[in-house]
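The listed protein sequences correspond, in order, to chains X and W. All residue numbers for the first sequence refer to UniProt numbering, where the first residue is 1 and numbers rise by one. All residue numbers for the second sequence refer to UniProt numbering, where the first residue is 1 and numbers rise by one.
None of the hints are false.
Straight-line C-alpha distance at most 25 angstroms; calculated BS3-like pairs for lysine-lysine: (1) 115/W to 246/X; (2) 183/X to 146/X; (3) 308/X to 282/X; (4) 111/W to 246/X; (5) 61/X to 262/X; (6) 176/X to 146/X.
Derived by calculation from the structure, the hints in this document are not laboratory data.
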Amino acid sequence: MKKLVIALAASAALLGGFANGAQAQEKKKVCFIYVGSKTDGGWTQAHDRGRQELDKALGDKIETPFLESVPEGPDAERAIERMARSGCAMVYTTSFGFMDATAKVAAKFPDVKFEHATGFKAGPNLATYNSRFYEGRYIQGQIAAKMSKKGLAGYIASFPIPEVVMGINAFELGAKSVNPNFKLKVVWANTWFDPGKEADAAKALIDQGVDILTQHTDTTAPMQVAAERGIFAFGQASDMIAAGPKTQLTAIVDTWGAYYIKRTKALLDGSWKSEQIWDGLKDGILTMAPYTNMPDDVKAMAEETEAKIKSGELHPFTGPINKQDGSAWLKAGERSDDGTLLGMNFYVEGVDDKLPK
Amino acid sequence: MFEAILLTVITAATPLVVAALGELVTERSGVLNLGVEGMMIMGAVSAFAAAQLTGSPYIGVLAGIAGGAIFSLLFAFLTLTLVANQVATGLALTILGLGLSGQLGEAFVGKPGIKLQPIVFPVLSDIPFLGRVLFSQDLIFYLSIVLVIGINWFLFRSRTGLKMRAIGDNHASAHALGINVIRTRYLAVMFGGACAGLAGAQLSLVYTPQWVENMAAGRGWIALALVVFASWRPWRLLAGGYLFGAVTIGQLHAQAFGIGVPSQLLSALPYAATIVVLVIISHNRRTTLINTPASLGKPFVPDR
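Construct the complete structure from the given sequences, taking the supplied hints into account.
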C-alpha cells in the first residue's frame, strides 16, 4: 500500500513536472491558411513574408504553422477546422474565397481568434483586415496615362468581386485625372493563379493594341509577356522587378508584416478585439515598389500623389465621378464611403468592358 | 492580328497535345495513368532546373523528358509489378508530383527563365501568313507534329503497334500468344511519362519561361480528357487539342475586344465546345467501342 502511494505520488509529481515544463515551453500557435504556394511570387508570397516578419519579431512567444495551396471551397473549411483543432490560438485566412468557410469554423470554435483577409463577414471572434490597394492602383493609373502612347491600357482581372472592380475603377480614375480620354480594356482570366492563362490574357490584350499592362492575378507571367513584347507593366502584390527589369514601372507591394505583428501582440496581451480593419498607404500595409523605367517628371508626379494620399489630402474616389453609362455617381468634391467601395459592383466611365454579373 | 492569335493558340495547345499523345499510347496498351498532371509538373521542374544549371534550354528539354519518364517508372512499378490499383496510384502520382516538384523547385522560384528559341526554316517561313505560324516555332511544336504522325504510323501500320493494341484489347490472349505484356506496358507507361515531361518542359521553357509551383494548373487533366475526346486516335487528338486551345484563346480575345458577352460564359466555352463535339463523335456507339482499349485499367497478373 505504501509503495503504491509513493508510486502514485511520484507519477503525479512527474506528470505535474511534465505539465509545467510543457507550459513553459509551449508557444502560442498563430496559424496561416494560404490559397497559393508560398513562393508564388505574388499574393501568397506577400503574406508569407508577413508571417516570417511576425516570426522574427515574436518568435520566442509564438510559432507560426501554415497550410499552403488550400483551394477555395469545401476543402477550405476542412483545412481551417484542422488548424483550429490543432490548437491554434489565432488563424489568419488569407483569401477572399475563404470567407464563408472561416465564418463557419469561427462559429464552432469561439475560443480561437480568426482574421480573414479582404472579406466582409465579421463575428465576435472573427475580425477582417484589408488593404486599400486602390490607392496604389490610382497612382498606377496616373503613371499609365503618362507613359502610354495610345492612351489605352490592358487590365488582367481575376474574378468580378468588389475588390477587383474597385481596383479597375481606381486605375481608370487615376489615368483619367491625367488624360480624360484614357481607355481601359479588361480581360477576366477567371483564375487567381495560372501562369499560362495569365500569359495568354496578356498576349490577347497586347494583340488588341494596349501598350501598358496591369494585373490583378498572382503570377509574374503577364510581366514576362510584357517584357518580351517591349511594353510597360505594373507588378502585383510583390515587387516583380526581377521578371521585368526594364518593364516594371512600379508595383503594389503588400506589406502585411507590421499588421500581423500588431494584431498578434494584441492577442498575447489580451487586448484583441474583433474589428474590421481597412488600412492604406499611410499605415504601411501596402507600399509602392520603386518608381522605375520612367522619366523624372512622371516619377515626381507619382511621388506627389503618393504623399497626398498618405496625408489624406487626396482620396481616389472623389467626385465628380460618373458611372460607366454616364449617370452621375459622386458630386464634385464628394468622397465615396467605404461601404460603397467594399460592395462595388459598377464601373466608372471610361472602362471599355461589360462587367460580368 | 489573326496571325498573332494563331501563334498564341499554338503555344496554348502544344502542351495539351504532347501530354495527351503520351497518355494515348499508355492507354492503348491498356494502362490508365491518371498521373499526367504530376508527371507534367515533374517535367516542368526538371526542365527548368536543368536549363538554369547548364544554361541550355535544349538540355532542359532532355531533362524534362527524362524527369517525366523516370517519375512514371514509379507508377509502372506499383501498378504493373505490384499490381496496385491504377486509378488510385495515378491520383497519388499527381499529388506526389505536385508536392515533390514544389520541394525540388524551391531554389528556382523567381529566377528569370531561359526561353527555348524558335527554329526558323529559311524558305518555308517566308510563305505568306502560314509560313511564320508553322515554320518559325520552337522545337517542341515540331516534335508534337512528328509525334502525331509517328504514333499514328506506329499504332496502325507497324507490327509492334499491332501487338501493343492487342495487349490493350485483351491482355490474357496477348499473353497466351507469347507477347510480353508487362514489358510492353512498362515501355508504354514510360513513353507516356516522357511525353508528359516534354509537355512540362514546354510550360517552363516556352509558354511561360519561369518556375512556379503548380504551374501546370490542371493541364494534365485536360490532356487526359482529350484522349477520351479523341477516342484514342492521334489525328483527332491533334484536332481536339487545337479546338480547345482556339476556343480558350478566342474567348480572351473576345473579351479584350469588348463584345459584351459575360466572361464566365466565355470561360466555360472551351469545355462546352469539347462536350458538344464529344457528343457528336460518340454518336456512333460501335465505332467508339472499337477504338476503346478493352482491358483499359484492368490489372494483369501473368498466370505463370
